[in-house]
Amino acid sequence: MTNLDNVELAVRLADLAAEPAPPPTFDPHTAVATGRTRLRRRRRAVAAAVATATVAAVTAALLLVPGGGGSSSLRLVPAAPPHGEQGVVVPKPVRTAVGTPTDPLISGGTFGWLPDGLDPVRDVSYEAGQDAVVTRASQPVSNGLNLALIVHPTGAEPPLVDTAQQKQVKVPAPPVDGRTAYWVTDPTHPTFDRQRILRWLTASGRWAQLISSPPQDAGVPDDALLRVAAEAVVDERPVPMPFWFSGLPTGTRVTGAAVTRPANGQPWTASADLWLDGKTLGVFVLPDDNRRYGKTDTRCRREQGLQICATAESDDLPLAPQLGDLDAVTNLMHVTGPDEKTWTTRVIR
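Residue numbers (our numbering): 79 to 427.
Some clues are possibly wrong.
[What the hints assert, rightly or not] If you anchor each label on the Cβ, the simulated ranges turn out as follows:
hint, residue 1, residue 2, range
1, P265, N368, 48 to 58 Å
2, D240, G325, 40 to 50 Å
3, G190, V219, 34 to 44 Å
4, K245, A281, 41 to 51 Å
5, H267, R369, 32 to 42 Å
6, V311, E235, 26 to 36 Å
7, G325, K245, 45 to 55 Å
The hints are simulated quantities; they were obtained by calculation from the structure and are not laboratory data.
All C-beta atoms in this analysis are idealised placements derived from N, C-alpha and C, irrespective of residue type, glycine included.
Could you build all of it, start to finish, from the sequences and the hints given here?
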């Protein structure tokens, strides 16, 4: 699976997260943990076979970060090192830090114009993961319009997906600011996920992609998507967050980060993924509404009207000794307050 394929999968997962809420008896955190455990088992089985043949490293999958059904961060969860039949141990995959040494969330671009029904501030999220940074505009309603902007790193044109399940092709589109543009379609699944994908070459020489997931009752006209692309602002800038870390042990890497608006009935949720010595955990901050989490591997404290939480899967516990337990991790986090004017881009200190 290519990086582009991973990113599009993550966009689709986020769209599913925006579906109507489940009944109150449903525990979304338990469901996410169960799904992750199943995916891990599959990865381990595949990795064991690969170890026997090629002694290759395990490839991780993109998953949702804990913190609520609407909070979607691109997260990589490391698989445990399996043993091959010949006793060869696959090295633990090392996660790469995202962003800069001080700010893990660096936007590659944002929206200059949005169609009616999307607010350019209140409805815009930023999600940084191992494969890409996604800028997303989402309506604060179930099954609403969702636009995802991805600015690819400098380099070659991103490849098309060509698998047994999906074969993407290029369909010419009008130029965007006088530069090459085309629609990415799949003739075998013309209405796949009701998505419309536009890719174009930006003035910076980097390729950008706009993924539109329209509501069920109406799509976004192509001329509107072309205008969104033409007025998109492609530049790297740090995204402020409502918390910062101090005293992180040497070797800790922030491998994902997000500011999601709206999120699980809240105006926003901010989250990050930490990796140390092969163990991954997630942290998230959101306005305090006295919610409680049923999972024993989620610990929260409250400060300045915010919930500050750390969570991990059972097979990532205990954490690396340098971090201590989940309660200790929340004490490494400091909040600026709920007012976004106080948020900081110096997240790692």
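Just pull the numbers of the violated hints for me, sorted ascending. Violated: hints 3, 4 and 6.
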